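Novice: Okay, here's what each chain looks like letter by letter:
There are 2 protein chains.
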Amino acid sequence: MSEPRWLTPDQAEVWAKYRTLRRTLQRAQDQQLQRDSGLSAADYALLAPLSESADGVLRARDLGAEVDWERSRLSHQISRMEKRGLVTREACADDARGSMVRLTEKGREAIEAAAPGHAENVRQLVFDPLTPDEVRLFGDVLDRILDAVERNSR
Amino acid sequence: MSEPRWLTPDQAEVWAKYRTLRRTLQRAQDQQLQRDSGLSAADYALLAPLSESADGVLRARDLGAEVDWERSRLSHQISRMEKRGLVTREACADDARGSMVRLTEKGREAIEAAAPGHAENVRQLVFDPLTPDEVRLFGDVLDRILDAVERNSR
DNA sequence: ACCAGCTTGTTGACATGTCACCGACTTTGC
DNA sequence: GCAAAGTCGGTGACATGTCAACAAGCTGGT
Chain A
1 MSEPRWLTPD QAEVWAKYRT LRRTLQRAQD QQLQRDSGLS AADYALLAPL
51 SESADGVLRA RDLGAEVDWE RSRLSHQISR MEKRGLVTRE ACADDARGSM
101 VRLTEKGREA IEAAAPGHAE NVRQLVFDPL TPDEVRLFGD VLDRILDAVE
151 RNSR
Chain B
1 MSEPRWLTPD QAEVWAKYRT LRRTLQRAQD QQLQRDSGLS AADYALLAPL
51 SESADGVLRA RDLGAEVDWE RSRLSHQISR MEKRGLVTRE ACADDARGSM
101 VRLTEKGREA IEAAAPGHAE NVRQLVFDPL TPDEVRLFGD VLDRILDAVE
151 RNSR
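Chains A and B are the protein sequences, given in the same order. Residues in the first sequence are numbered consecutively from 1, following the working numbering. Residues in the second sequence are numbered consecutively from 1, following the working numbering.
A hint or two may mislead.
A pair counts as met if it fits within one copy or between any two copies, since identical chains are not told apart.
[As the list claims (entries may be wrong)] Mimicking EDC-like on lysine to aspartate or glutamate, the simulated pairs with C-alpha atoms at most 16 angstroms apart in a straight line are:
id	residue 1	residue 2
1	Lys83	Asp140
2	Lys17	Asp68
3	Lys17	Glu150
4	Lys106	Glu82
5	Lys17	Asp140
6	Lys17	Asp143
7	Lys17	Asp147
8	Lys17	Glu66
These are calculated hints, taken from the structure and not from any lab test. Here the structure is a predicted model, which means the values were calculated and not measured.
Use the sequences and the hints to build the structure in full.
Specialist: Written out as structure tokens, the structure reads:
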């Protein structure tokens with residue numbers, strides 16, 4: 001039973017800032033999307049890859065890989081979006097287990113209405129306050145932490 | 001109607017990394033807490049300020065201010081934790097509208113079981129991979145973005 | 001050809017989070 | 001004093017996310 005290694009005061013402060021940022025930034029994004037197009041962040045996450053794909057159709061498996069979501073979460077979200085007319089489901093020709101997700105006209109209109117405001121929001125809140133050097137270093141920091149999380153979960 | 005300002009490829013990459021980190025780090029935390037003590041991240045967030053307060057009691061309003069949660073979210077979470085015996089609710093002597101939240105013995109045992117592993121996890125995943133310079137820079141970046149979000153929501 | 005094991009998607013139960021609203025109480029301005 | 005406005009906590013409806021389990025189809029080794 002070894003002595004626990006607590007965080008230093010500096011580290012605790014940075015950690016608290018990170019948690020605050022996670023929440024407030026999420027909230028700012030949700031509000032911008034809701035205001036500009038009535039979409040949630042979850043809606044936007046799925047509509048974005050769909051709108052960039054050929055014909056606005058993706059196999060559920062591939063859409064899941066794009067956003068790195070669990071299958072169950074994806075299925076639930078697609079059901080909710082289907083109910084609101086943003087996407088439709090179709091059978092998959094190649095693989096009878098599969099399911100194709102197709103962007104509807106309404107879905108395309110919604111993401112096209114939301115996208116410019118979304119990009120503007122991310123720029124204003126995240127990138128405009130940083131110098132190009134800081135953006136690079138921020139990216140490096142994220143890489144290091146991501147590596148550590150990746151190593152940890154394997 | 002002006003041309004939208006899209007993200008540069010570098011910015012889009014950093015933004016994608018940030019979103020991935022947000023998800024995977026949250027997941028790593030949830031799993032560590034669940035494994036070490038059966039607590040969720042939401043449980044931990046409330047138990048931590050409670051365990052550091054005098055007698056393990058805080059007024060709901062003040063607990064909410066500590067964690068910066070909405071009242072409704074706090075109330076729901078306290079109800080769930082009360083049902084599992086982690087906290088109890090009491091009347092507030094000063095203010096008849098108020099509600100005091102008290103840590104139970106079981107709640108204290110749970111947070112004390114979880115805390116060392118939590119600190120170790122945060123160190124391993126976030127701070128050990130970074131040099132002290134990078135930690136400082138990361139803190140500065142978070143400050144800048146937090147300021148921008150704060151300005152934006154006022 | 002077979003079948004054990006893998007992949008794919010869905011579902012139901014439950015935990016979490018947000019929103020609009022209410023009811024009770026306190027504070028403020030007069 | 002007292003009415004208007006603000007504060008505090010809770011509730012119900014709903015959206016989101018996770019987990020375990022399932023059904024169906026695919027795949028590879030024999």
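Novice: Determine which of the earlier numbered hints do not hold for this structure and return their numbers in increasing order.
Specialist: Number 1 only.
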